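S.K.: Chains as they are written, first to last, in this note's numbering: chain U, 1 to 112; chain Y, 113 to 590.
If you are wondering where the hints come from, they were derived from the structure by calculation, not from laboratory data. Given the structure is predicted, the values throughout are model-derived calculations rather than measurements. One or more hints might be untrue.
If we take Cβ atoms under 10 Å as the criterion, some of the chain U residues that face chain Y in the derived model are [claimed, not checked]:
1) Lys40
2) Glu44
3) Thr52
4) Val53
5) Pro57
6) Phe92
7) Tyr94
Some chain U residues flagged as far from chain Y (calculated, every beta-carbon gap over 12 Å) [claimed, not checked]:
8) Ser11
9) Arg47
10) Ile102
Just so you know, even glycine gets a beta-carbon here, dropped at the ideal spot from N, CA and C.
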Amino acid sequence: MKKIEAIIQPSRFDSVKDALHEIGIDGMTVTEVRGHGRQKGHTEVYRGNEYTVDLLPKIKIEMVIPDKLSDAVIQAILKTARTGKIGDGKVFVYPVEEAIRIRNEERGETAL
Amino acid sequence: MKKLAVCAGLGLVLVVVTPGPRSFALAASGIGQSPQAAAQTAGVRIAKLEQQVAAAQTAGDNAWMLVCAALVLMMTGPGLALFYGGLVRRKNVLATMMQSFILMALVTLLWALFGYSLCFSPGDAVIGGFGAVFLRGVGGAPNPAYAATIPQQTFMVFQLMFAIITPALITGAFAERMKFKAMVLFMILWTIVVYDPMAHMVWGVGGLLNAAQGGRFPTLDFAGGTVVHITSGVSALVCALYLGKRLGYPKEPMPPHNVVLSVIGACMLWVGWFGFNAGSALSAGTLATSAFVATQFGAAAAALGWSAAEWIRNGKPSVLGAASGAVAGLVAITPASGFVGPMAALAIGAIAGVGCYWMVTKVKRRFGYDDSLDAFGVHGAGGTIGALLTGIFASSAINPIFGDHKGGPLPVGLINGNAGQMLNQLMGVVIAWGLAIAGTLVILKVVDLLVGLRVPEDHETRGLDLSLHGEEAYNGEA
Numbered sequence: 001m002k003k004i005e006a007i008i009q010p011s012r013f014d015s016v017k018d019a020l021h022e023i024g025i026d027g028m029t030v031t032e033v034r035g036h037g038r039q040k041g042h043t044e045v046y047r048g049n050e051y052t053v054d055l056l057p058k059i060k061i062e063m064v065i066p067d068k069l070s071d072a073v074i075q076a077i078l079k080t081a082r083t084g085k086i087g088d089g090k091v092f093v094y095p096v097e098e099a100i101r102i103r104n105e106e107r108g109e110t111a112l
Numbered sequence: 113m114k115k116l117a118v119c120a121g122l123g124l125v126l127v128v129v130t131p132g133p134r135s136f137a138l139a140a141s142g143i144g145q146s147p148q149a150a151a152q153t154a155g156v157r158i159a160k161l162e163q164q165v166a167a168a169q170t171a172g173d174n175a176w177m178l179v180c181a182a183l184v185l186m187m188t189g190p191g192l193a194l195f196y197g198g199l200v201r202r203k204n205v206l207a208t209m210m211q212s213f214i215l216m217a218l219v220t221l222l223w224a225l226f227g228y229s230l231c232f233s234p235g236d237a238v239i240g241g242f243g244a245v246f247l248r249g250v251g252g253a254p255n256p257a258y259a260a261t262i263p264q265q266t267f268m269v270f271q272l273m274f275a276i277i278t279p280a281l282i283t284g285a286f287a288e289r290m291k292f293k294a295m296v297l298f299m300i301l302w303t304i305v306v307y308d309p310m311a312h313m314v315w316g317v318g319g320l321l322n323a324a325q326g327g328r329f330p331t332l333d334f335a336g337g338t339v340v341h342i343t344s345g346v347s348a349l350v351c352a353l354y355l356g357k358r359l360g361y362p363k364e365p366m367p368p369h370n371v372v373l374s375v376i377g378a379c380m381l382w383v384g385w386f387g388f389n390a391g392s393a394l395s396a397g398t399l400a401t402s403a404f405v406a407t408q409f410g411a412a413a414a415a416l417g418w419s420a421a422e423w424i425r426n427g428k429p430s431v432l433g434a435a436s437g438a439v440a441g442l443v444a445i446t447p448a449s450g451f452v453g454p455m456a457a458l459a460i461g462a463i464a465g466v467g468c469y470w471m472v473t474k475v476k477r478r479f480g481y482d483d484s485l486d487a488f489g490v491h492g493a494g495g496t497i498g499a500l501l502t503g504i505f506a507s508s509a510i511n512p513i514f515g516d517h518k519g520g521p522l523p524v525g526l527i528n529g530n531a532g533q534m535l536n537q538l539m540g541v542v543i544a545w546g547l548a549i550a551g552t553l554v555i556l557k558v559v560d561l562l563v564g565l566r567v568p569e570d571h572e573t574r575g576l577d578l579s580l581h582g583e584e585a586y587n588g589e590a
């Protein structure tokens, strides 16, 4: 099992979600987050006071998937989340030791 | 059926055009009477006619003035409450709106007890007397010293709305850090020590600065540039200096939490200002129209002036800037509104828009005081600019307020040919500044000793909505 964590542009979220549904991913956790990588923020000016906003709104998608789907999921995210500009985000892949469904204590990939 | 209707119509016409037996009898009796009796009858009829004309004028003026009173109240709530509420951080929005809102109630109470009396009943040159405490004698009959065609109660309630918004303007300076208890106590004292004397001096019978009734230094202030905006703006600066900066200012970012609220508030201020300025004509005649027009032109020019200045300096004209500019223009045109034409109003607005932009962005940063929502930068500076420019642009063609002993109009402002008026305007400005500084300092000291002015640091960090009022403006989970 793998855990995929993707941080993407909010505007690309719907396309990414649709692409993931198409390849059979139907479980995910989505969080609205703020952060920045190489993308510099912007400045806002209110009555002459300048504020640098360097934490920008992003969407974080987390999902745990069977190993065999891993490449397809990564490809789907890369393809749909890309705008080609700085700030498109990142994908992180982690190994997962165990998954347990709380309702009936199923374990492993059947719990996903 | 048709025939019947025609007959009935003809009958009606006949009834209308034929003088009734009663009027025949009246006319006949006139002919038959002695000349004295005839004159008396005519006199009675003329008196009755005059009464009806007066009643008609009262009806018109009173309708307008009641609407104006409501418009001016709308400037405080929701106008100013939204304008200020949007500018603070989200943890303080309710506390900020509450400061304006509670003043709508608190000042009303004070006004009924003694505020109106201290402003408008005869007293000395500085403060009114106690003749109208508990609104004694303030009823349906007009008070010709102020407004001969509207009930004195209408005048009283219209003036009350000014007494409400003036202290509410100050709250912008100490936003996000003052105790509610301290604010209430401060405002009670402030209306007594600063507002009431200033209103009496400028507008009250026998007031030192009253231009309409031959005060010692006749200061032109049509709708409250000195009384409302200089007193509140300068007191705001004193408050900002005395209370000190908000925690983290200016290092921590403190951007407005919702500019949308502020823009809506500014628009309501703009609309309400027609009641404020045009209503200050105290009647529904041409002077009200003139003030209405000047108000619109002043606001427009200032919005453009501020925006242009910001566009040139920052590369972008901000929405908050345009809204702030409009408010600055409205402030500046307030004392002038009943004395200047549209072109002078444009000039006053443009100067105020650029001037206040400079005050808010440059002067504030230079001196480093934390006038949180720019109550001084907009109202203190705009009010002072407006008061002085009124002395330059006021014209007898708009408002012949000064007359010679035969009642002919004398020049009013500098351009009009009365250079000396500038000194009177300066006198009004100096007195307003002086009273505001001295009065506010003393009151702050007293309130500080009695209850303390600032909330504890942890309350300030947590936000005043929760720590002072036990509420949150935006409940994410609800």
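S.K.: Now tell me if each hint is right for this structure.
M.R.: For each hint, the structure was consulted:
no.: 1; hint: Lys40; result: violated, 16 Å
no.: 2; hint: Glu44; result: holds, 6 Å
no.: 3; hint: Thr52; result: holds, 8 Å
no.: 4; hint: Val53; result: holds, 8 Å
no.: 5; hint: Pro57; result: violated, 15 Å
no.: 6; hint: Phe92; result: violated, 28 Å
no.: 7; hint: Tyr94; result: violated, 30 Å
no.: 8; hint: Ser11; result: holds, 22 Å
no.: 9; hint: Arg47; result: violated, 5 Å
no.: 10; hint: Ile102; result: holds, 23 Å
The structure shown violates the earlier hints numbered 1, 5, 6, 7, 9.
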